[in-house]
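S.K.: The listed protein sequences derive, respectively, from chains A and B.
Per our numbering, residue 43 is the first one in the first sequence, and the count goes up by one each step.
Per our numbering, residue 91 is the first one in the second sequence, and the count goes up by one each step.
The hints are simulated quantities; they were obtained by calculation from the structure and are not laboratory data.
Hints may contain errors.
Stated by the list, open to error - DSS-like, lysine-lysine: derived pairs with alpha carbons at most 30 Å apart:
| # | chain 1 | residue 1 | chain 2 | residue 2 |
| --- | --- | --- | --- | --- |
| 1 | A | K180 | A | K105 |
| 2 | A | K88 | A | K103 |
| 3 | B | K300 | B | K238 |
| 4 | B | K282 | A | K283 |
| 5 | B | K203 | B | K313 |
| 6 | A | K501 | B | K167 |
Quick caveat, the model's predicted, so the values are computed rather than measured.
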Amino acid sequence: MCGIVGYVGRRTAAPLLVEGLRKLEYRGYDSYGVATLHRSVSVLKKSGRIPPDAGLGKGMKGKIGIGHTRWATHGEPSDRNAHPHTDCTGKIAVVHNGIIENYVGLREELEERGHRFRSDTDTEVIAHLVEEAFRPGKLQEAVEQALTRLEGSYAILVIAQDEPGIVAARKSSPLVLGIGDGETLAASDMTPLLEYTERVIFLEDGDVAMLREGEITICCNGTSVQRPVEQVTWCLDDVKKGGFPHFMLKEIHEQPQVFYETVRSVDVREMAIQVRSSPWLTLIGCGTSYHAGLVAKYLLEEHAGIPVRVEMGSEFKYYAPPVRGLVVGITQSGETADTLTALQKARSYNCPTAAVTNVVGSSVTRLADHVLYTRAGPEIGVAATKSFTAQLAVFLQLASRLSDGALDDAIGTAHLAIGDALRTELDDAVGLCTGAKDIFYVGRGPFYPVALEGALKMKEISYIHAEGYPAGELKHGPFALLTPETPVVAIALPGPTYAAMISNVKEMKARQAPVIGIGATGDTEIAEIVDVFLPLPDGPEPVPLLTSTVILQRLAYHTADALSRDIDRPRNLAKSVTVE
Amino acid sequence: MQAVILAAGEGMRLRPLTHSRPKAMIPVANRPIIAHVMDALIENGIRDLVVVAGYRKESVLSYCNRLPFPVTTVVQKRQLGTADALRAAAGEIHDDFLVVPGDNFIDAASIAKVKDVQNAMLVREHESPSNFGVVVIRKGYVTGIIEKPELAPTVTVSTGIFSLTPGFLDRMETTELPDAVMDAISRGMMMKAIHAEGWQDAIYPWDVLKLNRSLLARVEPQKGGRIHGSVIFSGTVRVGEGTTLGPHTTLQGPVVIGDDCQIGPGCCIMPHTSIGSRVRIEPFTLVSGSLLMDDVSVGSHSHLQDAVVGEGCSLADHTSTVRDESLFSIEGKVQKAAFGAVLGDRVTAAPFTVFRNCVVGNGVSLRSGRVITSVVPDGTLVM
Numbered sequence: 043m044c045g046i047v048g049y050v051g052r053r054t055a056a057p058l059l060v061e062g063l064r065k066l067e068y069r070g071y072d073s074y075g076v077a078t079l080h081r082s083v084s085v086l087k088k089s090g091r092i093p094p095d096a097g098l099g100k101g102m103k104g105k106i107g108i109g110h111t112r113w114a115t116h117g118e119p120s121d122r123n124a125h126p127h128t129d130c131t132g133k134i135a136v137v138h139n140g141i142i143e144n145y146v147g148l149r150e151e152l153e154e155r156g157h158r159f160r161s162d163t164d165t166e167v168i169a170h171l172v173e174e175a176f177r178p179g180k181l182q183e184a185v186e187q188a189l190t191r192l193e194g195s196y197a198i199l200v201i202a203q204d205e206p207g208i209v210a211a212r213k214s215s216p217l218v219l220g221i222g223d224g225e226t227l228a229a230s231d232m233t234p235l236l237e238y239t240e241r242v243i244f245l246e247d248g249d250v251a252m253l254r255e256g257e258i259t260i261c262c263n264g265t266s267v268q269r270p271v272e273q274v275t276w277c278l279d280d281v282k283k284g285g286f287p288h289f290m291l292k293e294i295h296e297q298p299q300v301f302y303e304t305v306r307s308v309d310v311r312e313m314a315i316q317v318r319s320s321p322w323l324t325l326i327g328c329g330t331s332y333h334a335g336l337v338a339k340y341l342l343e344e345h346a347g348i349p350v351r352v353e354m355g356s357e358f359k360y361y362a363p364p365v366r367g368l369v370v371g372i373t374q375s376g377e378t379a380d381t382l383t384a385l386q387k388a389r390s391y392n393c394p395t396a397a398v399t400n401v402v403g404s405s406v407t408r409l410a411d412h413v414l415y416t417r418a419g420p421e422i423g424v425a426a427t428k429s430f431t432a433q434l435a436v437f438l439q440l441a442s443r444l445s446d447g448a449l450d451d452a453i454g455t456a457h458l459a460i461g462d463a464l465r466t467e468l469d470d471a472v473g474l475c476t477g478a479k480d481i482f483y484v485g486r487g488p489f490y491p492v493a494l495e496g497a498l499k500m501k502e503i504s505y506i507h508a509e510g511y512p513a514g515e516l517k518h519g520p521f522a523l524l525t526p527e528t529p530v531v532a533i534a535l536p537g538p539t540y541a542a543m544i545s546n547v548k549e550m551k552a553r554q555a556p557v558i559g560i561g562a563t564g565d566t567e568i569a570e571i572v573d574v575f576l577p578l579p580d581g582p583e584p585v586p587l588l589t590s591t592v593i594l595q596r597l598a599y600h601t602a603d604a605l606s607r608d609i610d611r612p613r614n615l616a617k618s619v620t621v622e
Numbered sequence: 091m092q093a094v095i096l097a098a099g100e101g102m103r104l105r106p107l108t109h110s111r112p113k114a115m116i117p118v119a120n121r122p123i124i125a126h127v128m129d130a131l132i133e134n135g136i137r138d139l140v141v142v143a144g145y146r147k148e149s150v151l152s153y154c155n156r157l158p159f160p161v162t163t164v165v166q167k168r169q170l171g172t173a174d175a176l177r178a179a180a181g182e183i184h185d186d187f188l189v190v191p192g193d194n195f196i197d198a199a200s201i202a203k204v205k206d207v208q209n210a211m212l213v214r215e216h217e218s219p220s221n222f223g224v225v226v227i228r229k230g231y232v233t234g235i236i237e238k239p240e241l242a243p244t245v246t247v248s249t250g251i252f253s254l255t256p257g258f259l260d261r262m263e264t265t266e267l268p269d270a271v272m273d274a275i276s277r278g279m280m281m282k283a284i285h286a287e288g289w290q291d292a293i294y295p296w297d298v299l300k301l302n303r304s305l306l307a308r309v310e311p312q313k314g315g316r317i318h319g320s321v322i323f324s325g326t327v328r329v330g331e332g333t334t335l336g337p338h339t340t341l342q343g344p345v346v347i348g349d350d351c352q353i354g355p356g357c358c359i360m361p362h363t364s365i366g367s368r369v370r371i372e373p374f375t376l377v378s379g380s381l382l383m384d385d386v387s388v389g390s391h392s393h394l395q396d397a398v399v400g401e402g403c404s405l406a407d408h409t410s411t412v413r414d415e416s417l418f419s420i421e422g423k424v425q426k427a428a429f430g431a432v433l434g435d436r437v438t439a440a441p442f443t444v445f446r447n448c449v450v451g452n453g454v455s456l457r458s459g460r461v462i463t464s465v466v467p468d469g470t471l472v473m
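Pulled out of the complex, with its shape left as it was, chain A reads as follows (with noise of 0.2 Å):
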């Protein structure tokens, strides 16, 4: 997982690029580079992350270069293994997004041949396979030639000595171009696009682009061809933090904002339709998407009836599962490489498919049949959180939607709670927090993966080891871990599970578990049970499923605030997983 970008025009492109770059850190972090075209190709690369200082790259001439944002899966992070990577004679340069999966076989056989090899990195071969196919005037050609030799995925941007021009190919990993006044970009995703032009080029898999000065030419399988131009409607102020001091918190508070929007604008009719005549309904997602989607189960499953399994897309395309009925992908990016591969699996059990994303335009929208969009607009925080509320806006009001409009007062004024859950004092909840090691997060029904996504907040960007459990399971073991440094964090609201989840309560305040309870505002049973007490805005269900999910991403935030965490790039983590 990488972020690639590249520039063909009249400006010097090394400081653009690294602008570019600085866009794309999302995707990874550990490893930067640029390599441009003056005359020959100069390379300038280092491990670690972009420093902030404005000149970086501006010795660099040409005005063509390709650049690279790593994030390590082949070879540790270090400036040799930084990108772009070169050929033996210097006069190639390559970066890569993705994995090739035959590399070691084609780097045995390429030194056998007499290559050298500098890095450990699956890419470089790329690069010693342009070298022996490359004649010059001819690079595009010699790109589909090495192309033909890989296995595995990739996005790939390749310039060479003499060539006016970038080669751009992609296979399962995204790749946009972008069209402007007298100038070509291309990147992994559109925003470093943005400030140059609104028009954009998406890439199908096996394309292989020629960029030149203000001009493209395209072509598959050795034919040329054509494809749509698209008007972005972002504009890159949406990318900024804007006052907030993390991109995570900004987007915190936009939730209200997300869900109504969402909401109003997705039209989940003929989903429905869909879903009526599935015999079953499966949900495919990773991290986050995927508490969403057992979310969506137990709505789906008690408001309309309709059995749906919740399957997480790296384990689903391992294994050969009956499958029957609509398959729905949800993932943010809609790059998420794993949901992609399990979708692609179901469609060839000949399922119909359908994705819930946020990304006009990316890889999922072109795989499933359906697509349902949500309104979260860019999500740049590592750690996702409207995204989470946009996926759960949608499958509400599908849920409403096939039980005859039962939840439409409730989401229609779901997001004045939302806005409520913004202001819940939280600083005794988050001195519990700070000093543990352990934090287990429990619930029952639906909030059951609302505790889930709570630990995974938390432990994504605080580094505090948190668990989430069904209520009742922590008695089938995990209980054996409570003790007074081990907070609990408790969702209890009235319904059917209340009286249980109260005797839970009871029994780790017996353990001396120091206990964080999310309940009814004016519920004073539970109030008096736990250490601090943090009531949910009125709501009817199922509005405490958005509320306490909001007030567990706040707590993280602040939890991780307090110990100094770099809340928006956590360490090891980048936004969106586009290999397995």
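Dock chain B against the given chain A, drawing on the hints supplied.
M.R.: Coordinates of chain B only, in the frame set by chain A:
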């Protein structure tokens, strides 16, 4: 020219309306007060805007992030005073600048008068000067500012709008801006007093109705949404996108209605009324001289007059607000005020509730149809 817009203040005296938002974010004529202030500045070509957020800063920051033009935002960590707020913005100031409170209305004509004068302040006569900084002027120049005096020597008050130079910031030692200005005057600075044209402040929650009335006069007509053929319009009326106006509904401008509302059939929306977005008004209800914020719902056969209805209130059928006059004690000061009702956010009322000249707190729940008077604190449950 830059402008620093102060939007950090809490507006304690405006409770319950300032529980979930700072004063600058109270919607008047369907837009936060700060939006009207920005209009006046931008109309004068002042585009380099610095907004200082503090109390409930997230609501200001999120709003600024959604604006179609760029705004710089800074955060004042603790609300120590207006000079302290200005200090929070000092890093963004590199030119002559205006300081403008984001929570008072100011018109473009007044900004035009002050913007090109170095070291000047906008002043205005006011009927109750003791609520403000009273300004003493000699030969057109300010000689004294007395904050909220018991006995005001003049009726001229400060609007809080100053035209200053970056050098002013270096010698600012106090936490309140009028004190800092007086220090500068005592050091020999000449501060010109300029009379403002349209300036208006809301001190108490019922003042919002008056401010709403003034700002509605400036609304541009628009007819969005789905409007039944039998709807009767007169005066200036603005209806947002996605709003449905049912048959035989009557609207008498000036009236502004937001997006995605459902009103009617047979409702009367009378002059000086603002209705936010996603508001539902059921049949045969009359609303007059009132301000309804977003997500309010009002049952059928209701009569709202001179009322401020906070976000997400849900009023059942046959609700009335009745205009009357009585005494209110706010922050230790007794005020006589005539209005119908001020309801905080998320008030719910059972059928046949009557609000008579009262201020009802946030989240108050009225479970049976009663007559409500005087003040009901936040979160009260009335059986």
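S.K.: Are the hints correct? Go through all of them and say.
M.R.: Each hint, compared with the structure:
1. Between A/K180 and A/K105, the direct Cα distance comes to roughly 20 Å. Compliance with the 30 Å bound is thereby established for this hinted pair.
2. Restraint check: the Cα-Cα separation between A/K88 and A/K103 comes to about 18 Å, which is no more than 30 Å; the hinted pair holds.
3. With a C-alpha separation of about 22 Å, the suggested pairing of B/K300 with B/K238 holds against the 30 Å cut-off.
4. Taking the CA atoms of B/K282 and A/K283, the gap is about 39 Å. The hint is violated against a cut of 30 Å.
5. Between B/K203 and B/K313 the CA atoms are separated by roughly 35 Å; this puts the pair beyond 30 Å, and the hint is violated.
6. Restraint check for A/K501 and B/K167: the C-alpha separation of about 28 Å stays at or below 30 Å, so the hint holds.
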